[in-house]
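Student: Respectively, the protein sequence lines represent chains H and L. The working numbering puts the first residue of the first sequence at 1, with every later residue one more than the last. The working numbering puts the first residue of the second sequence at 1, with every later residue one more than the last.
Derived by calculation from the structure, the hints in this document are not laboratory data. Cβ atoms here follow ideal geometry from the backbone N, Cα and C, with glycine treated the same way. Just to be clear, a hint being listed does not mean it is correct.
To be verified - Not close to chain H: a few residues of chain L, all C-beta gaps over 10 Å, as computed:
1) Arg4
2) Arg63
3) Ala69
4) Ser72
5) Glu198
6) Ala217
7) Arg269
8) Gln310
9) Ala335
10) Gly356
11) Val360
12) Pro366
13) Glu374
14) Pro391
15) Ile459
16) Ala463
Said to hold, decoys possible - Covered by chain L, per the in silico footprint, the following chain H stretches (three or more residues, Cβ under 8 Å):
17) 17 to 26
18) 45 to 55
19) 284 to 292
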Amino acid sequence: MSELAVAMFAASTDSHLLDEPRSARFERFRAELDERGVVAELERRGIRWVARGDHLFPARLRTIHDPPPGLFVRGTAALTVFDAPCVAVVGARACSAYGAAVAAELSRGLARAGVVVVSGLARGIDGAAHRGALETGRTVAVLGCGVDRDYPRAHRTLAASIAENGLIVSEYPPGVEPTPWRFPARNRIVAGLCDATVVVEARERSGALITADLALDEGREVLAVPGEITSLLSKGTNHLLRLGATPVTCLGDVLAVVGVEPSRPAATALEPRLEAVRAAVADGPSAADELVRKTGLSAGDIAAALAELELVGAVVQADGLYRVGMPMS
Amino acid sequence: MLARTVTHALVGIDPRRVEVEAHIQGGVPAFAIVGLADRACQEAKARVRSSVAAAELEWPGTRITINLAPASLRKEGSGFDLPIALAVLAASYQVPAQSLEGHAAFGELGLDGRLRPVPGALVAAEGARHAGLTHLVCAAESAPEVALAGVEPVGVRHLGEAVSYLRGEHEPPEPPPPDDDFAVLACVPDLADVRGQERARRALEIAATGGHNLLLAGPPGTGKTMLARRLPGLLPLLGDDAALEVTRIHSVCGTLPVGACLVRVPPFRAPHHSSSVAGLIGGGAGSLRPGEVSLAHRGVLFLDEFPEFQRPVLEALRQPLEDGVVSVARVAARAVFPARIQLVAAMNLCPCGARGDAAVHCACTPERIQRYREKLSRALLDRFDLALTVPRPRGHELAGPPGERSSVVRARVLAARARLRDGPPSRTPSGDELLERAAERLPLSGRGHARVARVAATIAALAGSDHVLPEHVAEALSYRLPKEHGE
Ligand SMILES: Nc1ncnc2c1ncn2[C@@H]1O[C@H](COP(=O)(O)OP(=O)(O)OP(=O)(O)O)[C@@H](O)[C@H]1O
Ligand SMILES: [Zn+2]
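The following block holds chain H by itself, in its conformation from the complex (with noise of 0.2 Å):
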């Protein structure tokens, strides 16, 4: 079978497809297209082709009950990441600042842990995800569209920066323009290339539920990041939590389901100084001034210390409001 044929073959015709089609307008199709003129085009634009039966081909994908052809793929690394431990990180696009840093801050660990980050470059969580894996690992977008289209276009300089240190994959060939029904299609892929998916916000019947489904049906681990009860962008999760979605309550939790040890040993103890802060940052998430007077520092000092702990990732900020970084167990 050519599989580069059929993935072509569907995006010429607009369709779905994972096989062979028995048409005689496949073979016409099949018979005019230099395979090889194709795939040569494709090097010369750095974009590498790797077929189902391609043993580079993910593994994991491969035994989804509905897998690609194969997958177009844009930037440096190996394809040998995906045989390292993978962890989709998805989430709505319209997040809070909570959200955003808790997916940002997550990523940050998993990918210290050198766990591989896949998420969709979408707005919002995927994101988040997205830059807080670039700081200390790798990370894999799935496109919808073609791996040349950068979509969303405010996210171009973001899949540059993944294109340099990791990767970005789709099943569709360049040029293919972002459609609704290629999004569900999508997560799919998300979700096969993946151990686990976690869900960090979600409203009910969105994208994310979506990509936790296909999950469940593959029979890999889904979590849900606990949120607040009154809040739109917790139904989904907290949907999940109620079905059996693992809670993730610090990155252990993760970590544990991928089976990783972090990689960090017991976070060496702050200074006296900044614990104070940090304690106080942890009763809940507040602004400087509140830290002010709750600890009687001065707002200069309050805001070096501030400062020193988000270097450390004991603390994020977000919107004005400092809160705890993500716990490590």
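Given chain H's structure and the hints, the job is docking chain L with the ligands onto it.
Tutor: For chain L with the ligands alone, coordinates are given in the frame of chain H:
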């Protein structure tokens, strides 16, 4: 008979000497102004004629020609009224021609002969001084400004008064003594009014010390405007040269308070976000006028709702922020205006403004938030050394005790500025090490790196330290631009 007076026209904020010649000949009564005079200037005819009558003087019933020289310079505005009237009166022997020697004249006449102040008296007086003239006949209100230029003001209220002065019958009143600098400072609102907001107050103090531009982001009504208005009160008073420069601009634009003299307190300007490029930067259809950036010269320009300004306006801000001047060009002319400003900008965290406010739900889509933040280019954001988020304080903070007074903060700012000037704090290996670690971890761009280093030096100076220590670098890091801005 021919008589001549001297006045000065404004080109941008510079004076140009103009000679006003009145020529009285026999013949059919007529009154003409030649020499590239604009409409307001042509209208001088009616005002001058009526004023002469109101002053109970005689209008020559012959042919009068006024020539404004050089003819190549476009004459705009109503400041020519008084010199034209005096030239006519001298040419008709009603004031002694030699009494005009050493005198320039500048001012608009009402139909009743009253003298009105016109913008730019200071500049006209500076022109007079450069032309070697010792006295300037002007409206009484303009006298303090004229005195600043080192020219003796002859401040009069009426054309009749000017005539009796020139005839030696009357001495003009002394201009009022200049205002006390500190009394003027008392008009700036005090920091003690701001409750809570410890972090923003601290950032304001650092901004005042290092002259750093400051970006405040947060929901509406959290006191961003209040804080910005209090920045001029933390800055040193302007020195003589700077004060004269600033006063000159405000004189030309007519924004000096009545009877005010030298502007010593750094100005504060807060143009609305609907301002045009001409309004903000200068220029405009009619004349080359300084814009808000020049009115804020050596002071504070506050731009509330920063991303709502039109994109061309925002981009046009880059020149003054980089060079401290703006150049504006019109078909026939071109001017460079000083514009050394300290910029304070305020914005919401999202278009609806709810972000950063725990009590309100923000319904903005990521696309809208992105578009809102993308309106600010990276190149523009790079001009802000200090950025901070001002979240809505929880209710009880506003009931707290008043904060420190401006005078207390100002004393610290002045001491730290002196330190920065005389022996700026030196770098240390441990401070540098922290900065390098941050650059790797955050990540921090090359420009971001330089900004943090600048702010750290300011913080060290405020701490009275000779060295930039890690705690100074750490605090500076906490005011860096958030990643998501302009990405
Ligand atoms: N920290 C504060 N201390 C005292 N009064 C405050 C404080 N914050 C806000 N206020 C009150 O709220 C009013 C609005 O504040 P201000 O105009 O400075 O807010 P803002 O953040 O600039 O809002 P906007 O962006 O809508 O202009 C002030 O006039 C003041 O009365
Ligand atoms: Zn909003």
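Student: At least three residues with a C-beta closer than 8 Å to a C-beta of chain L: is that true for the region 17 to 26 of chain H?
Tutor: violated (count 0)
Student: Quick one: work out the minimum CB distance from Arg269(L) to chain H and report holds if it exceeds 10 Å, violated otherwise.
Tutor: holds (27 Å)
Student: Per the stated criterion, does the least C-beta distance between Arg63(L) and chain H lie above 10 Å, as a non-interface residue requires?
Tutor: holds (73 Å)
Student: Holds or violated: the region 45 to 55 of chain H covered by chain L, criterion of 3 or more residues with Cβ-Cβ distance under 8 Å?
Tutor: violated (count 0)
Student: Non-interface claim for Ile459(L): all C-beta distances to chain H beyond 10 Å?
Tutor: violated (7 Å)
Student: Taking 10 Å as the cut and beta carbons as the points, is Arg4(L) off the interface with chain H?
Tutor: holds (65 Å)
Student: Can we confirm that no CB of chain H comes within 10 Å of the CB of Ala335(L)?
Tutor: holds (40 Å)
Student: Confirm or reject the statement that Glu374(L) sits farther than 10 Å, beta carbon to beta carbon, from all of chain H.
Tutor: violated (8 Å)
Student: Is the Cβ of Glu198(L) farther than 10 Å from every Cβ of chain H?
Tutor: About 4 Å separates Glu198(L) from the closest Cβ of chain H, which leaves it inside 10 Å; violated.
Student: Taking the closest pair, is the beta carbon of Ala463(L) still more than 10 Å from chain H?
Tutor: Contrary to the label, Ala463(L) does not stay out of reach of chain H, its closest Cβ about 8 Å off (not over 10 Å).
Student: Val360(L): least C-beta distance to chain H exceeds 10 Å?
Tutor: holds (12 Å)
Student: If I take the minimum Cβ distance from Ala217(L) to any residue of chain H, is it greater than 10 Å?
Tutor: violated (8 Å)
Checked against the numbered hints above, the structure breaks hints 5, 6, 10, 12, 13, 14, 15, 16, 17 and 18 and satisfies the rest.
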